[in-house]
Amino acid sequence: MKACHYPKHGELLIKVSAASLNPADWKSAKGEQALLLSFKWPRVYGFDFSGTVVATGGDKEDPSDPIKVGSEVFGMISGLPQRDRGTLAEYVLVSRDVCAIKPPHVRHLDAAAVPLVSITAVKMFEACNIKKGAQVFITGGAGGMGTAAIQLAKCKFGAKTVTTTASPGEKTDLCKKLGADVVVDYRSTKLEELEGDYDVILDCTGEAWKLVHLLGNGGGMCSILAGPTATALRTWLKESNISPDDIGFGIRQFLMSEIGGGIFGWVSGGRSLKRACEAKGGATFSHVIGTGNGSIMTDVAKMMGDGVYKAVIDSTWKLDDSLAAIERQMSGRAKGKVVVNVVE
Numbered sequence: 021m022k023a024c025h026y027p028k029h030g031e032l033l034i035k036v037s038a039a040s041l042n043p044a045d046w047k048s049a050k051g052e053q054a055l056l057l058s059f060k061w062p063r064v065y066g067f068d069f070s071g072t073v074v075a076t077g078g079d080k081e082d083p084s085d086p087i088k089v090g091s092e093v094f095g096m097i098s099g100l101p102q103r104d105r106g107t108l109a110e111y112v113l114v115s116r117d118v119c120a121i122k123p124p125h126v127r128h129l130d131a132a133a134v135p136l137v138s139i140t141a142v143k144m145f146e147a148c149n150i151k152k153g154a155q156v157f158i159t160g161g162a163g164g165m166g167t168a169a170i171q172l173a174k175c176k177f178g179a180k181t182v183t184t185t186a187s188p189g190e191k192t193d194l195c196k197k198l199g200a201d202v203v204v205d206y207r208s209t210k211l212e213e214l215e216g217d218y219d220v221i222l223d224c225t226g227e228a229w230k231l232v233h234l235l236g237n238g239g240g241m242c243s244i245l246a247g248p249t250a251t252a253l254r255t256w257l258k259e260s261n262i263s264p265d266d267i268g269f270g271i272r273q274f275l276m277s278e279i280g281g282g283i284f285g286w287v288s289g290g291r292s293l294k295r296a297c298e299a300k301g302g303a304t305f306s307h308v309i310g311t312g313n314g315s316i317m318t319d320v321a322k323m324m325g326d327g328v329y330k331a332v333i334d335s336t337w338k339l340d341d342s343l344a345a346i347e348r349q350m351s352g353r354a355k356g357k358v359v360v361n362v363v364e
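One rule links them: number in the numbering used here = place in the sequence shown (from 1) + 20.
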């Protein structure tokens, strides 16, 4: 699919070289966020991209802007993929603010694999107020989120130790290669029976309730699946510049109100998780939703350029085989990210 619009001021038209898939793609297509979001159909899959700028919005280019026509950039779109805004396409319109320049020696395939998971992991760590030397626990270490979080815990935030969960064999080996100090076999070990005292817990698998007892006094837990909160949704709406037309009728007003936010937290379980964590010596619970962020992507570009942060790719597919790529991502068996090579 080709883009059908020319970029406005602050936008870039990208010729996509590669895109990667995330659970958010197929979950939204299945209607899991139908009560909250009003998608316009048909629409294009894809949040993550790497490609080349072929046009910039505005009358003329800003000479001080390092991103110009011909620049190779990567990032994650803000908000929601729409008819001409999904990245699983030959061209995509994106906001200038979500892009970073791709390091020259990094492949487009690798660059496209990291944006959403990197942005989300960084925001999760920041929400937990991570400090250098922290003891970190991450669930789902071999998945897209886990492979990013394990590396970032060490190379960006200076964690002392990282414990994660994975199945035995290849996935355990992968986690250790990425920097995990301890890998728990989730098939033979129940999370509820583990012992520990962690400063930071990242729940990437929706198992937050099984992890509360592992949280140290004054620590922080963050989830991308369990206990969504009104605060998380408000932050996402603001950072993504979501149009009122993209939100279900009355939802924005409901979430922004004190009563509505309280009801949402009660129904979602976010309020209960927050209270359970607070009982652990004032520990915190938060929920994070990633969106396009050029500042974080600039940091990611530097780490990739320095060779301390690497993409983990499960498989690559041609654009014509996108349906099979989506099925692979949905299978839950991928080690790292599923990437589509758009130009091949």
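Incorrect hints may appear among the rest.
Estimated spans, in silico, between C-beta atoms of each pair [to be verified]:
1. Glu81 with Ile283: 46 to 54 angstroms
2. Tyr26 with Ser292: 44 to 52 angstroms
3. Lys152 with Pro86: 46 to 54 angstroms
4. Glu213 with Glu190: 21 to 29 angstroms
5. Ser187 with Glu298: 28 to 36 angstroms
6. Glu298 with Lys258: 22 to 30 angstroms
Cut-off 30 angstroms, straight-line C-alpha distance, at most; resulting in silico cross-link-like pairs (DSS-like, lysine-lysine) [to be verified]:
7. Lys330 with Lys88
8. Lys210 with Lys47
9. Lys258 with Lys210
To be clear, the hints were calculated from the coordinates, so they are not data collected in a lab. Just so you know, even glycine gets a beta-carbon here, dropped at the ideal spot from N, CA and C.
Tested hints:
| no. | hint | result |
| --- | --- | --- |
| 1 | Glu81 with Ile283: 46 to 54 angstroms | holds (48 angstroms) |
| 2 | Tyr26 with Ser292: 44 to 52 angstroms | holds (49 angstroms) |
| 3 | Lys152 with Pro86: 46 to 54 angstroms | violated (30 angstroms) |
| 4 | Glu213 with Glu190: 21 to 29 angstroms | holds (25 angstroms) |
| 5 | Ser187 with Glu298: 28 to 36 angstroms | holds (33 angstroms) |
| 6 | Glu298 with Lys258: 22 to 30 angstroms | holds (25 angstroms) |
| 7 | Lys330 with Lys88 | holds (26 angstroms) |
| 8 | Lys210 with Lys47 | holds (27 angstroms) |
| 9 | Lys258 with Lys210 | violated (38 angstroms) |
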